[in-house]
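Undergrad: Listed below, chain by chain, are the residues.
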Amino acid sequence: MIDQLIYSLSWTQPECLLAGLALALAVLGAYLGDRSAGLIAWIAAAGITAAGVLAVMFQTPEPQYVFSGALVIDPFSASMKALMAFAAAVTLLLASDHFSGSSDKRFEFGVLALLSTLGFFVMASSNNLMSLYVGLELQSLAAYVLAAFRRDDARSSEAGLKYFVLGALSSGILLYGASLIYGFTGSLAYDRIVENASSGNVGVIFGLVFLICGLAFKMSAAPFHMWTPDVYDGAPTPVTALFASAPKVAAVALLIRLLYEPFGDLLRSWQQVIIALSVFSLVVGALAALVQTDIKRLMAYSSIANMGFVLMGIAAGGQAGAASALMYLAFYVPATLGAFAIILAMRSASTPLTKIADLAGLAARRPWMAVVLTAVFFSLTGIPPLAGFFGKFYVFRAALEAGLWPLVVFGALATVVGAGYYLWIIKTVWFDQPGPAFDKASGTIMVVAAVMTVLTFPVLVVGLGAVEAWAQAAAAPF
Amino acid sequence: MSSLPLLSIITFLPSFGALLLMAARWASPGANPGLDRGAKYLALVFTTATLVLALIALDQFDPSSAAFQLVEKHQWATWLQYHLGVDGISMALVLLTSALMPICILASWSIEKQVTSYMTLFLILQTTLIGVFASMDIVLFYVFFEGGLIPMFILIGVWGGARRIYAAFKYFLYTLLGSIVMLVALVVMAITANTTSIPDLIAYDFPPALQHWCWLAFFASFAVKMPMWPVHTWLPDAHVEAPTAGSVVLAAILLKLGGYGFLRFSLPMFPDASHYFTPLVFAMSVIAIIYTSLVAFRQTDIKKLIAYSSVAHMGFVTMGIFAGNTQGLQGAMFQMLSHGIISGALFICVGVVYDRMHTREIAFYGGLVNRMPVYAAVFMLFTMGNVGLPGTSGFPGEILTMLGTFQVNPWIAAGACTGVILSAAYALTLYRKVALGPIVNPKLENITDLNTREWIMFVPLVIAALWMGLAPTMTLDFTKAAIEQVAVQYGPAP
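Listed in order, the protein sequences are those of chains A and B. Residue 47 in the working numbering sits at position 47 of the first sequence, with consecutive numbering throughout. To convert, count from 1 in the second sequence and add 478; that's the working numbering.
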């Protein structure tokens, strides 16, 4: 018994580190008060980075089942944890910088971000329906509070409440699906489900559809995307940056493992659902974004459209499908974080600005911010040689190999529509007459923005081959 | 054979210059006239150095062989290769690009707004253009092909004329729509043949049904780039609104991407589909030649007139390519090179008077020959080249494409012949209205003739236009081996 526990703990060092650090920092914060907010955010960022490094260091090609099979440690979970830790740590850096000058300087931010990251890690490793739900809720509950972090601000509170109510609804749907699957297969563990699910029992498929709906809500895939624009808009900008990056990766990781491992034999059944979600996301993301005037809302629709492409990769199935979805995410995350770094730098006389029109003529006044925006938005559009193109390329390839050519043609057309609104930002930045002057951006923001810009050139820096190798290693279990 | 990766250096040297310019901009933020002037000279140095390197590459290149030469190959990712190489067709276009770029930089000397950004974008654009022609991997080709959209979009949008935003969006979205369809076809081909190398794909025998779909997808992209009637409408807008050098690059080089694509992909990779769709292309070409010539005749803006005449001349290129025999293909290739020089020069001619008078209205001008005799002579030479007068480079290309087409379909060739007459009508009318007669507009009384910078721009263009016109065999021999190979791969009509 003790041996089992020690064995399990030794394989879950990243999770233990996060949990322990969150508790310790909560005590430290209570003791030191809100003036320690910056310090705690930095410690949390360092802790998350360390957890990501640990996850990579202790990865193993042989899957290790810990805590009686509740969690699994394999190359897939390690790679996803690394990507999520990267995203979460970067958003914490942006946040510490953002909150340090405002009245919302409170130490809870670092603690909540740590707990949320712990939730992501559990999601990436979950190997039964119970740990799936625990990870998801741990992540979500922290996120609800984070969305309402600016508690004196009505819109922030509204965002938190809206997120909570709709999130609770989706959790209910997900639990209902889990209970159906438990009822029809007699187990919560993935390896037992796979034995009983392959028959294609209608009850199992019914439950699976509910599960997918619940997860689609978390990854804000249309038509379960309703919360996204309002929450992105209302939440403090660093929190929005977090929502747009790490939870998406976690939800995709969860979805991939769920669909490919216990329900891998039911590919033909769930593929249609995923294709439908993908099509809806592409349409909603591309069309609704065209009329947005607020850049945070635009990013919300952009993330919906991007999830459409990730779902396209997932729908392809098999190792190639999973690898392509992961590559897409690996290219999506830096571009999104780079965009949010610039959104955070949009401040005039210490007031944050979020209108697209506020970016007018940025190229003439702040050429470097303009270069960053140009790189990240062309990357999100999917124009080569930027990273986003290669993400699309691999997703298209996986989907075409799976014979899903109508979906690919649809995705290609959605790209053109999507280009319309990304170009609108480029146009505002480059072509318009200069608008309000921005305050000097802080060093942290500029460093983050520069690093993210460099990462949108995978050809030159990281090496496309390296990202591909990473994604293929991660997708090896499937 | 040197071991230097010469093609990579030629391709990326301009981008290296762009990086230097960005670093300089970083080091001195804010307005800085010294930096602006330095940026112009730096861009000139880098484009000229690229030209010198391209000439060295020419020295190492053997035009008598149809094989790809100066090949560089590196694994990039499991599926992709960094694979460069040139044959006679692409080498000629690489030379055209690197020769025109220093002239474009000179033509941009009067730019005053955000000069460093402008030069940076121009150098990046050059990398993408040379990369397109030098790529031997289909994905790498697409990366360069599409990557050129970014600098061109910003160049039109920031430094263009009054309706620049509309024009920039139209250009970008039109082209993206065409090429994203090509991307899908390209992935399908790569999956089917399990390779992304262009020579291997040419050797692969695609099933006819797949050929038809892929041909259409590639056609969607190349027809927009070319541009062919009826998807040519982005071109007049983009041309008119772009700054002078932007128009030169658009007309002289970007339009060649479509023709290059047909020669490199459509014909050799999908011969069955190309034969099947030849009547469609012929019809579109003849309509383009006649219709856009008539449209050109009615224009009141000099740039727009030349833009429409470009569409008409590209009609000859598509017609010649799909004639599929050596004469037609050689003529199309020659026409592309010649059009690169002549249309580029004509846009610079417009730029010269635009810099002085800030209008492109035909009605504004008249009698320029009285004040600008040298300019009038140069303008006349290129107008004659545009008409296709024997002795200028415009003639051999047109006559060869018509000769080639006549063997396949005399009626189409007859239709195209009328285009030659129409082109004489609009081009000579334009010349008469702008250059000849007495000076009516008092504002033109003090207009000055060409200055030194403009002399430097025009001299190489004049020499090239006359040399290609008087001694066309040198150019034709250069591309002969590669073109004949395309003709063999395409094969006779079934």
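By construction, these hints were calculated from the structure, which means they are not laboratory data. Warning: the hint list may mix true and false statements.
Label pairs and their computed distance ranges (CB to CB) [as the list claims (entries may be wrong)]:
id, chain 1, residue 1, chain 2, residue 2, range
1, B, T711, A, R365, 50 to 60 Å
2, B, A687, A, Y7, 49 to 59 Å
3, B, A502, A, S350, 26 to 36 Å
4, A, A466, B, E590, 37 to 47 Å
5, A, V56, B, V549, 31 to 41 Å
6, B, P970, A, R268, 25 to 35 Å
7, B, D678, A, V454, 47 to 57 Å
Note that the structure is a prediction, hence the values are computed from the model and not measured. Note that CB positions come from ideal geometry on N, CA and C, so glycine has one too.
Undergrad: Does each hint hold? Answer for all of them.
TA: Here is how each hint holds up against the structure:
1. B:T711 - A:R365: 50 to 60 Å: violated, 35 Å
2. B:A687 - A:Y7: 49 to 59 Å: holds, 57 Å
3. B:A502 - A:S350: 26 to 36 Å: holds, 32 Å
4. A:A466 - B:E590: 37 to 47 Å: At 43 Å between Cβs, range holds.
5. A:V56 - B:V549: 31 to 41 Å: holds, 38 Å
6. B:P970 - A:R268: 25 to 35 Å: violated, 47 Å
7. B:D678 - A:V454: 47 to 57 Å: violated, 33 Å
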